[in-house]
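Asker: With the hints as your guide, set chains B and C with the ligands onto chain A.
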Amino acid sequence: MINFAQTFIDALSLGSLYALAALGIGLLFGILRLINFAYGDLITLGAYALIIPSTEAVATLFIGGWPWFMVIIAVAVIVVAAALLSDLLVFRHIRRADPATLMIASFAVSFVIQNVILMFYGSRPKSVDLWSNLNYQIAVSGLRIPLLQIVTILATLVLMGGLTLLLKRTALGIQMRAAAEDFRMARYLGVRGNLVIGLAFAISGVLAAVASLLLLSQTGTLSQTMGVPLMLFAFIATVVGGMGSLIGAATGGFAVAFASVFLQAYLPDDLRPFRDSFVFGIVILMLLFRPAGLVPTKALVERV
Amino acid sequence: MTDTAQRRFLRAALPVLALLLGVTAITALVALLGNDEMALTVTEALVRLIVVVGLSVFIGNSGVVSFGHIGFMCIAAYAAAWATCNPMWKQLMLTGLPVFLQQAQYPFWVAVAGGAVLAAAVALVFGAVILRLSGIAASIATFAFLAIVNNVYSNWDSVTAGVSSIIGIPTVVGPWTGLAFALGAIVLAFWFKGSRFGLMLRATRDDPVAARASGVSIVRVRLAAFVLSAFIVGIGGALFVQFLGVATVDMFYLQLTFITLAMLIIGGMGSVTGAIVGVFAVTVFVEFFRFLESGVAVGESVLALPEGSQEIALGIGMALILIFRPKGLTGSRELRLPGLGSSRRAMAPPLTTTEATARS
Amino acid sequence: MLEVEDLAVSYGGTTALAGVAISVKEREAVCVVGPNGAGKSTLLAAIAGGVPPKRGRIRFDGKDLVGMRAENIARLGISLVPEGRHVFGTLTVEENLFIGTYAMSDQRHAQRDAEQLLGYFPRLKERWRQPAGRLSGGEQQMLVIARALMTRPRLVMVDEPSLGLAPKIVDTVYSTLLALRAERGLTLLVNEQSSDRMLKFSERIYVLRNGRILLHGNTADLQDGEAITRAYFGFDEHHTPATSEAAA
Ligand SMILES: Nc1ncnc2c1ncn2[C@@H]1O[C@H](COP(=O)(O)OP(=O)(O)OP(=O)(O)O)[C@@H](O)[C@H]1O
Ligand SMILES: [Mg+2]
Chain A
47 MINFAQTFID ALSLGSLYAL AALGIGLLFG ILRLINFAYG DLITLGAYAL IIPSTEAVAT
107 LFIGGWPWFM VIIAVAVIVV AAALLSDLLV FRHIRRADPA TLMIASFAVS FVIQNVILMF
167 YGSRPKSVDL WSNLNYQIAV SGLRIPLLQI VTILATLVLM GGLTLLLKRT ALGIQMRAAA
227 EDFRMARYLG VRGNLVIGLA FAISGVLAAV ASLLLLSQTG TLSQTMGVPL MLFAFIATVV
287 GGMGSLIGAA TGGFAVAFAS VFLQAYLPDD LRPFRDSFVF GIVILMLLFR PAGLVPTKAL
347 VERV
Chain B
-5 MTDTAQRRFL RAALPVLALL LGVTAITALV ALLGNDEMAL TVTEALVRLI VVVGLSVFIG
55 NSGVVSFGHI GFMCIAAYAA AWATCNPMWK QLMLTGLPVF LQQAQYPFWV AVAGGAVLAA
115 AVALVFGAVI LRLSGIAASI ATFAFLAIVN NVYSNWDSVT AGVSSIIGIP TVVGPWTGLA
175 FALGAIVLAF WFKGSRFGLM LRATRDDPVA ARASGVSIVR VRLAAFVLSA FIVGIGGALF
235 VQFLGVATVD MFYLQLTFIT LAMLIIGGMG SVTGAIVGVF AVTVFVEFFR FLESGVAVGE
295 SVLALPEGSQ EIALGIGMAL ILIFRPKGLT GSRELRLPGL GSSRRAMAPP LTTTEATARS
Chain C
2 MLEVEDLAVS YGGTTALAGV AISVKEREAV CVVGPNGAGK STLLAAIAGG VPPKRGRIRF
62 DGKDLVGMRA ENIARLGISL VPEGRHVFGT LTVEENLFIG TYAMSDQRHA QRDAEQLLGY
122 FPRLKERWRQ PAGRLSGGEQ QMLVIARALM TRPRLVMVDE PSLGLAPKIV DTVYSTLLAL
182 RAERGLTLLV NEQSSDRMLK FSERIYVLRN GRILLHGNTA DLQDGEAITR AYFGFDEHHT
242 PATSEAAA
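Protein chains in written order, with the working numbering: chain A, 47 to 350; chain B, -5 to 354; chain C, 2 to 249.
One chain only, chain A, in its complex shape (with noise of 0.2 angstroms):
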């Protein structure tokens, strides 16, 4: 029971992170059609910005060594211009390109973005000591919780929350929600479509910075490809959850950290390497037979 307790729990910072990660993407993919794989080379290069940029082994810290509100505000500001501007010198020039097209335009986004760093910053991994009083854990019954697994969830129940009260209760967010159904249709009715595409990406971009702060305080290590497996998780979860629902976005990343905590606790041993298999498999098998996701929308049945 404590067993099961504790795999629960960490099936629920991770789905946390993966939610985060995942309404990043599913923002975009909903207003957009863009499958952003440039979405994991924010979230490195959120954690790259907390150290002083040079090729050396042994990481120095700027931002990094900043009050903790400073370093969200420092690493947000930051991952949300790099966003901006993706969009300005690429996406935008290609808003009528189908899917795969934008997709690949993201794969050139994010190893520009993956080199850039890797000339600033070296090819080495580093490691970085960001917010380690957070690996205290905590003795609850029987069960042992690191801090870091309750701010986890917790930073992602207030950034959900922020997210849909911006979305159901403004002006703007209720632009974004209509513009996301039916981008076109919005623009008719006079929904300025660079505004709402912009605030997407600065949305996304939030997100990656705070995905990026909790991903580096858990591993402690900078490399350049440190964000791609966590995009890889988010894109299956919108998949998974249903493109272009925020909801479906968000459940299908708790979705997809359930299968892969529970998997990896109840696995035999000589499958358990092939976790990530069986995740994968689960989203193929999805797009055979529940291809609007777990939370399907109207819109979505005629786009994918």
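The set of hints was computed from the structure by calculation and includes no laboratory data.
Keep in mind that this is a model prediction, so the values were computed, not measured.
There could be a bad hint or two in this list.
[Unchecked claim] Interface residues of chain A toward chain B, partial, derived using beta-carbon atoms under 10 angstroms:
hint, residue
1, THR106
2, ILE109
3, LEU135
4, PRO145
5, ALA146
6, PHE153
7, SER156
8, PHE166
9, SER169
10, ILE282
11, PHE320
12, GLY327
13, ILE330
14, LEU334
[As the list claims (entries may be wrong)] With the C-beta cut set under 7 angstroms, the calculated list includes, among others, these residues of chain B facing chain A:
hint, residue
15, ALA138
16, ALA207
17, SER211
18, PRO300
[What the hints assert, rightly or not] Now the stretches of chain C that chain A is said to cover, found in silico as 3 or more residues with beta-carbon under 8 angstroms:
hint, segment
19, 101 to 111
20, 216 to 224
For each residue, glycine too, the CB sits at the ideal point set by N, CA and C.
Answerer: Frame of chain A, contents of chains B and C with the ligands only:
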């Protein structure tokens, strides 16, 4: 206007012949006049040419972007590695290999054929399952396939040596072997494009509704292209490890997927000529930047671009192509020779479905 | 008010419009009829900025619309109700209705306009907080027409309002459009496949086929339907477009 069968054949065949000659000439020039390093570069480029031409057989004809073909390359590459690597090493490191692979060392030909056939067989099974999905959903499924192949080959330690390399593969592939297979791949791609299946497939791409109405089974024609393209890409994979002498699973993942797709897009997704031009253009471009990264003497001092510039330039180049020339350098058209008029088969004009099925 | 000249649009290889000219005057009700694939939807979408023209001019109050963004065209006072309704299914009826006024940040008349429009479409009031995706087809059609009117456009373009609706509901839709026109001095440009109803509804009719205008004239002169039928089925295709003498 009367048109003899012979002239029609010439019209179709001459541009293909010209492309074959072009590739041969460039290879010969570099292999005979260049240094060893250049011979390696051209061999690698030819292997990539095979892979990209293979990609174009599926992507170019079906219009569905596949992110999974490097997975097929990986499967074939490992099959070739299992077949040719030193048996002593295999018995020590790859304890899970079946005896017929573990005990023996097979010749080059067997390795290439075996690898390509295995890739094609996997493509047949996987394609039959996913190719009924529509555009982007099919693309996502191919992506999931790539991730699965990577995960399995990274962790199946007793058979693939996990994330470490398989070593001791005889390096028998040089520029001439590469050339022979590249020419074969090009001919195969043109043959498929002009075949009944190729025509039908392009009809389904251009007008899926009409194609379905006219009874073309989209899944069946897509599957044919998918299997053939996996076969060609598989040949590329089998050659690649016998060129490098090692096989590592990380060679066959996102980076190579990106580079091969970049080549295809830069050249032009819709044509075999595009695939060839793309490989050539990207290789020259990358080599040029690699040269700049290694340092150029300017007067007294040596100027060198920092590490990573080459990749950044490639990414930017690709984004520029997508923005300003979405059909690639060739405009996704096949090579045209002046004075021959347009060649229907090689040109691949937009076909109506009725036309395509009428020819079948 | 609206002048379209020599408008050509193509999608990839297929030509949807090949040199179309129409004009609409203030407070007119003008109708474009034509068979499937004639290019009717494309014409309206091009005017609204949804598809880029290959060549031609589109002028609204003398201002050139070609190359303008759809959202800015909407701000000039042109509202399109596209084919197939396009409600935002996950948004509530209320949210759907106010999208335009949010977008143009013009809430001055929004509440009053909404009240007034709900007078025409009382069913919508009952569904006020429900997701619009749950409305019936007829209710959705009412919602998109009301939604298009919320920003006080001067030209309203409706693409096949009768599509998939029962004849009785279609009658309601058209009588509402006419009532709104009388009340607000709207100008209407409506697409339909069949001309029957249009002979009563509109003042002028254009017949579009294969991306060309084959006939245009005053409704009054076309009441017997013969000329329209001929144009509609393409009997006159190889002649110059017929124009009834009285046409403006
Ligand atoms: N998005 C598109 N992509 C490609 N071709 C299109 C697209 N939209 C329309 N077409 C083509 O353009 C032509 C005109 O289409 P359009 O939708 O304007 O006709 P329509 O008169 O509105 O027909 P309907 O009465 O069926 O609505 C048709 O041949 C159609 O196939
Ligand atoms: Mg239409």
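Asker: Hint by hint, say whether it matches the structure.
Answerer: Verification of the supplied hints:
Interface hint status for A:THR106: violated, as the beta-carbon distance to the closest one in chain B is roughly 20 angstroms, over 10 angstroms. For the restraint placing A:ILE109 at the interface with chain B, the shortest Cβ-Cβ distance is roughly 22 angstroms, beyond the 10 angstroms limit, so the hint is violated. With a least beta-carbon distance of about 8 angstroms to chain B, the hint placing A:LEU135 at the interface is held under the 10 angstroms criterion. Here the hint on A:PRO145 is kept, as its CB sits about 4 angstroms from the closest CB of chain B, short of 10 angstroms.
For A:ALA146, the interface hint holds, since its Cβ comes within 10 angstroms of a Cβ in chain B; the closest pair sits about 4 angstroms apart. Below 10 angstroms, beta-carbon pairs count as interface contacts, and A:PHE153 has one with chain B at about 5 angstroms; its hint therefore holds. Of the supplied interface hints, the one on A:SER156 holds, with its beta-carbon coming within about 8 angstroms of a beta-carbon of chain B, less than 10 angstroms. Taking 10 angstroms as the C-beta contact cut-off toward chain B, the hint placing A:PHE166 at the interface holds, the least distance being around 9 angstroms.
Taking 10 angstroms as the C-beta contact cut-off toward chain B, the hint placing A:SER169 at the interface holds, the least distance being around 8 angstroms. About 7 angstroms separates the beta-carbon of A:ILE282 from the nearest beta-carbon of chain B, less than 10 angstroms, and the hint is met. Using the Cβ-Cβ criterion of 10 angstroms, the hint placing A:PHE320 at the interface with chain B is satisfied: the shortest such distance is roughly 6 angstroms. The interface hint given for A:GLY327 holds, since its Cβ lies 7 angstroms from the closest Cβ of chain B, which is under the 10 angstroms cut-off.
A least Cβ separation of about 5 angstroms between A:ILE330 and chain B falls short of the 10 angstroms threshold, and the interface hint therefore holds. For A:LEU334, the interface hint holds, since its Cβ comes within 10 angstroms of a Cβ in chain B; the closest pair sits about 7 angstroms apart. For the restraint placing B:ALA138 at the interface with chain A, the shortest Cβ-Cβ distance is roughly 4 angstroms, inside the 7 angstroms limit, so the hint holds. Annotation: B:ALA207 was flagged as interfacial toward chain A, and the flag is violated, the nearest CB pair being 20 angstroms apart, outside 7 angstroms.
With 7 angstroms as the threshold, the beta carbon of B:SER211 stays out of range of chain A, its nearest partner Cβ sitting at about 18 angstroms, so the hint is violated. Taking 7 angstroms as the C-beta contact cut-off toward chain A, the hint placing B:PRO300 at the interface holds, the least distance being around 5 angstroms. Check result for the segment 101 to 111 of chain C against chain A: holds, 5 residues qualifying (beta carbon to beta carbon below 8 angstroms, three or more required). Counting residues of the segment 216 to 224 of chain C whose beta carbon lies closer than 8 angstroms to any beta carbon of chain A gives 0, which falls short of the minimum of three for the stated coverage.
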